[in-house]
Structure formats: C-alpha cells, structure tokens
Amino acid sequence: DQQVKQNSPSLSVQEGRISILNCDYTNSMFDYFLWYKKYPAEGPTFLISISSIKDKNEDGRFTVFLNKSAKHLSLHIVPSQPGDSAVYFCAASALGNEKLTFGTGTRLTIIP
Amino acid sequence: DVKVTQSSRYLVKRTGEKVFLECVQDMDHENMFWYRQDPGLGLRLIYFSYDVKMKEKGDIPEGYSVSREKKERFSLILESASTNQTSMYLCASSEEWVSSYEQYFGPGTRLTVT
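Order-wise, the sequence lines are chains A and B.
When we follow the numbering used here, the leftmost residue of the first sequence carries the number 1, and every step to the right adds one.
When we follow the numbering used here, the leftmost residue of the second sequence carries the number 1001, and every step to the right adds one.
It is worth saying that the hints were derived from the structure and are not from the lab.
Among the clues, some could well be false.
One side only, chain B facing chain A, incomplete, derived with CB under 10 Å [stated by the list, open to error]:
id : residue
1  : V1004
2  : Y1035
3  : Q1037
4  : R1044
5  : L1045
6  : F1048
7  : E1056
8  : D1059
9  : L1090
10 : A1092
11 : S1094
12 : Y1101
13 : Q1103
Beta-carbon label-pair distances, calculated as ranges [what the hints assert, rightly or not]:
id : chain 1 : residue 1 : chain 2 : residue 2 : range
14 : A       : G16       : B       : P1061     : 43 to 53 Å
15 : B       : E1069     : A       : G96       : 23 to 33 Å
16 : B       : S1065     : A       : G16       : 48 to 58 Å
17 : A       : K68       : B       : G1040     : 24 to 34 Å
18 : A       : R107      : B       : K1013     : 27 to 37 Å
19 : A       : H76       : B       : R1110     : 23 to 33 Å
20 : B       : G1040     : A       : E15       : 22 to 32 Å
Taking lysine to aspartate or glutamate and the DMTMM-like style, the derived pairs with C-alpha atoms no more than 25 Å apart in a straight line are [stated by the list, open to error]:
id : chain 1 : residue 1 : chain 2 : residue 2
21 : B       : K1055     : B       : E1022
22 : B       : K1003     : A       : D84
23 : A       : K54       : B       : E1096
24 : A       : K56       : B       : E1102
Glycine included, every Cβ here is placed at the ideal spot set by N, Cα and C.
Model the full assembly from the supplied sequences, consistent with the hints where possible.
Here it is, written out as structure tokens:
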C-alpha cells in the first residue's frame, strides 16, 4: 500500500519556466513533509520541508505548498535551471515516528 | 557537515553469497537507516536502528539482517544473496527527536547479484 504517491514518473520543463512536482498521501497521521533531490550515483539530499501547521514554505527558488484537506503537496521551482535536472522524492513522517515514508519519485528534466 | 559513508560504490556478488554493506556516520546521530531504491518503487525502508544494538524492521526486511555494535556504524547483511536483491542500497542517519525529521544519506552502493 503506497501511502505517499508521486503520480508523474517524469516531467520536462523549459529552462526559466516554473516546474511543479506533485505528491499525494493517504495517511492522515502524517504531519511533516520533506522533499529530497537525487542526482545519479549520489545519495538523496534534503531540499525543503513543511510542517502540517503551515500551508506554504519558501526557500529561494523553491516553494512547497501543503493542502491538508486534499492530502496533497507540491514543490514549485522558479525559475527552473539545468542543474535542477534530477529525481525528486517527497517524503512524509508521522508525529513521534522517526521513519520517513518516501514516494516513488519524479524525474525532472530541464530543457535548455 | 554531516558525512555518511558507505563501504563500496559498486559491488558484484554471486547468488548464495553472504554480503556485507557497511555504513559509517560521523555526526553522532542516534538513528540510522537502510533503504533500497528501485525504479518505479522509490526508496523502501529495510531496517532502522535508533540506538546501539537496537533494530527495527522496516517495510521490506525479508532476506536481510542488520548489525549495530557501535553508534557510528550500521551494517546491512544479505545472508544468501539472490538476484532480486540487485538494487541501489542507501544508508541514512538522523538525530533523535528533532522536529525536522531530516535524514542524511550516503552516496549509495549499487549491488548486482548474478
């Protein structure tokens, strides 16, 4: 049972435009959400996170939006750059549980 | 900077061999994790440990065991490797009871079982 879903396996975006990556979850106990970025042959690196008490968190070009009623979060990258080409994973955690549940990932390709 | 290192980047083993994957972290983190990453399946948790000599099963523990004799080191053991264990294995660590839940990952070991 996939509790965290990323329904788009891949996404291509023109350089300079906005990239929007989506993630849905089913477990209502999740209260903290993270996005990780992964380049080939490297481990994932933390990008940005959001607590369930917020609906938006920004860090430079990256913004994460959380819609609790829809159990949906999205990552916006503006403007997209070639170095953003990577696989992006969303992850979720429930209060008091130090495990993360990861989605299946979305491969983002930025077209120069 | 947190550093998580894994003993091998690439490993090729034969079916039935016993395989050891080693992970070391240098930030005195209490929690350590082993994942495998497969195309279309994302990262799946195999085992994790929240203290020395403590371990808990993740979502896919079958065919694996772990060992944590020292705080900085967490080993994943494939008792008898099989071809369906060909995968990318990722180790991670995190501090205990921090609100961010952030985990720090090693570079991964690409294991091929033939």
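Verify the proposed pairing of K54(A) with E1096(B), using a straight-line Cα cut of 25 Å.
holds, 23 Å
Per-residue hint verdict: E1056(B), partner chain A, C-beta under 10 Å
For E1056(B), the interface hint holds, since the closest Cβ of chain A sits about 9 Å away, which is under 10 Å.
Would you say the C-beta atoms of G1040(B) and E15(A) sit inside 22 to 32 Å of each other?
holds, 27 Å
Given a hinted range of 23 to 33 Å, is it respected by the beta-carbon distance of H76(A) and R1110(B)?
holds, 32 Å
Take a look at whether the Cβ-Cβ distance between G16(A) and P1061(B) falls inside 43 to 53 Å.
holds, 45 Å
Is the gap between the beta carbons of E1069(B) and G96(A) within 23 to 33 Å?
Between E1069(B) and G96(A), where Cβ atoms are some 27 Å apart, the hint holds.
Hint check for G1040(B) and K68(A) - Cβ pair distance inside 24 to 34 Å:
holds, 27 Å
Restraint check for K56(A) with E1102(B), where alpha carbons must lie at most 25 Å apart
holds, 18 Å
Interface restraint verdict for R1044(B) against chain A (beta-carbon cut-off 10 Å)
Where the cut-off is 10 Å and the nearest Cβ of chain A is about 8 Å from R1044(B), the hint holds.
Does the interface hint hold: is Q1037(B) within less than 10 Å of chain A, judged Cβ to Cβ?
Nearest chain A Cβ about 8 Å off; hint holds.
Holds or violated: F1048(B) as interface residue toward chain A, Cβ cutoff 10 Å?
holds, 6 Å
So, L1090(B) near chain A? Judge it on the closest CB pair being under 10 Å.
holds, 6 Å
Of the numbered hints given earlier, the model fails none.
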